[in-house]
Amino acid sequence: MSLIEITEVRKSFGPNEVLKGINLDIEPGEVIAIIGKSGSGKSTLLRCINGLESINSGSISVAGAQLLPDELHLKALRLKVGMIFQQFNLFPHLTAGGNVILSQAVVKKTPKPEAEAIARQMLDRVGLAAKFDAYPDELSGGQQQRVAIARALAMRPIALLCDEITSALDPELVGEVLAVVRSLAAEGMTLLMVTHEMKFARDVCSRVVFMHHGKVHEIGRPEAVFANPQTPELKQFLGML
Amino acid sequence: MSYHFNFGWLLVYYPELLKGTWVTIQLILIGAVFGVSLGVFCAWVRALGPAWLKPIVSVYVELIRNTPFLIQLFFIFFGLPSLGLQMGETSAANLAMIINLGAYSCEIIRAGIEATPRGQFEAGASLAMTRFETFRYVVLLPALKRIWPALSSQIVIVMLGSSVVSQIAVEDLTFAANFIQSRSFRAFEAYFVSTFIYLTLAILLRLLLKFIGGRLFQRKAAR
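Same order as they appear, the protein sequences are chains Y and B. The opening residue of the first sequence carries number 1 in my numbering; numbering runs sequentially from there. The opening residue of the second sequence carries number 1001 in my numbering; numbering runs sequentially from there.
Certain hints may be false.
Over 10 Å on every C-beta distance to chain B, these chain Y residues come out as not near it, computed from the model [stated by the list, open to error]:
(1) Leu68
(2) Leu139
(3) Val216
(4) Met240
Chain B side only, calculated, beta carbon under 10 Å to chain Y, not exhaustive [said to hold, decoys possible]:
(5) Gly1008
(6) Trp1009
(7) Pro1081
(8) Ala1125
(9) Ala1128
(10) Leu1141
Hints listed in this document are in silico derivations from the structure and should not be mistaken for laboratory results. Just so you know, even glycine gets a beta-carbon here, dropped at the ideal spot from N, CA and C.
Okay, chain B solo, but in the shape it has when bound (with noise of 0.2 Å):
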């Protein structure tokens, strides 16, 4: 093997791979956050919501699972424009996101809701409480903390899934490494060093999910 390795093009031209890396993480916490909420609306929905909403999410859900995401990606920033909804391609990189997100934790939380005994669903309506008080207070916790290990690993699918932003221009951590390649024709060094950086995202990101599942499942004094 006569390849020599030379990384020496990282003096030149990490400020790309910086700003490539926090744009991936922008865009991974934008579509975690309302991602996950959307999903929790939706699981709402879809378990114990009224009854003229879950064909709807029933539609979106299953249109985004059964889809590629960078159809839809491409479908958001290509295909809208011509029915007049025109908007930029970080705007279109989340859009996509939180909407893929969004459909596959709806079916993640959903199994949350559902294993939740019926038996708290009566004693939440015998004090009295609206069926969505029963859900706020009582279900969503449990529910969440039932799947959160799953939820975690969903998001962190979508953040290594974000990738494909890169596609409609969308200044990501693989736009960066594509474009450190193309001006150094060191594929095999840009690629490493960008799996890396995607490997220690990951790593954090499921960290940083643990820590938010600590703080959120903790036990804490009623007062």
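One chain only, chain Y, in its complex shape (with noise of 0.2 Å):
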């Protein structure tokens, strides 16, 4: 069994159907980069596999977790997995610590020194130990993101969702974001990630999904997806014609 197994599913925003009908299973360990332009459903792809949009039909499960509309059901796939956005959305009024500790204490009811043991150790390993006292506010967007991953990894989610998360930052911050995500990839961590940077995608990644007009249009390892493109769609998108 996949760990993420994606069904035949269809999203629509009013008459605008944006997922026709996805199919994509990703195995344990697996980093995924899905590509495509604006307006093919990637982020919307992303966003429901946590249940931030509803499906409209299909089915999506993690690790045995059906995404089903419910709270109950929610939170239980949502601790499975976690997710990184464009904007960080860190909280304003907490500190760095704070922000890594709150879904601790709030949802994992996890002890106070505990949960502050487990916010250091994660800002650590993002690279940001000395912050954590500093406010979202007082740290630049590279810094902000990294405290962003810390606070999804601080609830041991088994796979990440990554929506464009360097798209927001300035060219010199991205490499500092996606060294954590290689990191991350080395130690076995599922990632999913819609993300423009061609060059990590290549790198890191055991697929590339190519998405286009709602659809999987192509997916493969990277070096074929990239030096051997099938589709005139995906040429063109890589600029190759």
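Combine both chains into one complex, guided by the hints.
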């Protein structure tokens, strides 16, 4: 059984069908890059996987937890998949440490000293041990995004969804975030990332998914997808036409 | 002008003024604490709460915001006993102020909640927090911070508006002023002094609210 099973998923916003029957199975430890033009449905697919968007038909399961629209099932699913956002979405009234502690304390009822120890450990893992007491607006974009990664990791997810996590960053800050993602991949974390970093996708990912008009248009190992695209749409997207 | 100002009566009637001031302070403290609590609850309902509760809260809020406070007070004190709901004048005044501030602060706080970026709710959800947990731990404090000046003003308005409770014989500051002027016939002086006390109370209340806001929203280490 695959870790994440996406079967015939359809999603519409009003009359506009954004996902037109997506099938994708992801094995533990895989790093998947989802690429495609804006409007092709890549972010929507990611948001469907942890229930930020409801699906119209089809099914999604993560390690046996089925995506169902009630709070109990959503919670079980979201405990298994973490999500990192383009705009970081740190909680502005809490320090970096407080951001990482909060959901552990609220959701998992982890005792404060233990939650704090985990928070320090996770911030250390993303290279921000010294920023425990800093507020989000005192951090650079790259640091904020790394805190967001630490916050997601503190919940001990078995997979991470990354929604264009470097798109809002200044170019010189992209590297530090990608370095963290690279180390997670090396440690065997299952990653599903929507990205425009083609070089990163080529170097780190085990498979690349090219989405086009709400469908998985092409899928394969990065060397095959990038070097030898089969469809004119992918060729055009990669600038080869 | 041949009017001779005379504040000599203050020596006789200052206990009434002190008592009235204390009653007014109690009215606004009770009204503010419970009124704002009610406002937070109603704001949660209107912005994020269950669909079946929304119309009930909407009717309450619009009813209170579109009728005079004095009528609300009279309705509670004189009207409700007809339904068997009898209460003392102080309880009626407290209830009227809580209900009034609850409705106005609901709309102010709701504005603060609705100005929350969508990403905050999504971050809370993606960390497996329930909608209510996200509201309680992520949304509420920054929302209150956003609207704290407006909320403070509304509390001061309700404090000043509390002067009408003297109409149902609550012995507040206005009641004391009326009493003194009817005894001493020193209308100018009596209302001058009570005006000054209201002004002082309002300024002190604003300072208190600013202090509370500072404590509530101050940055502190996570430990």
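Each hint, compared with the structure:
At roughly 15 Å, the least C-beta separation between Leu68 of chain Y and chain B is larger than 10 Å, which holds for a residue marked as non-interface. With a minimum CB-CB distance of about 14 Å to chain B, Leu139 of chain Y clears the 10 Å threshold, and the non-interface call stands. Remark: the non-interface label on Val216 of chain Y is consistent with the geometry, its nearest Cβ contact in chain B lying 23 Å away (cut-off 10 Å). Every Cβ of chain B is farther than 10 Å from the Cβ of Met240 of chain Y; the closest lies at roughly 35 Å, confirming the non-interface assignment.
The criterion of a C-beta within 10 Å of any C-beta in chain Y is not met by Gly1008 of chain B, whose closest approach is roughly 55 Å, and the hint is violated. With a least beta-carbon distance of about 52 Å to chain Y, the hint placing Trp1009 of chain B at the interface is violated under the 10 Å criterion. Annotation: Pro1081 of chain B was flagged as interfacial toward chain Y, and the flag is violated, the nearest CB pair being 44 Å apart, outside 10 Å. With a least beta-carbon distance of about 6 Å to chain Y, the hint placing Ala1125 of chain B at the interface is held under the 10 Å criterion.
Given the 10 Å rule on beta carbons, the hint for Ala1128 of chain B holds: about 4 Å separates it from the nearest Cβ of chain Y. Restraint check, Leu1141 of chain B versus chain Y: the minimum CB separation of about 5 Å is within 10 Å; hint holds.
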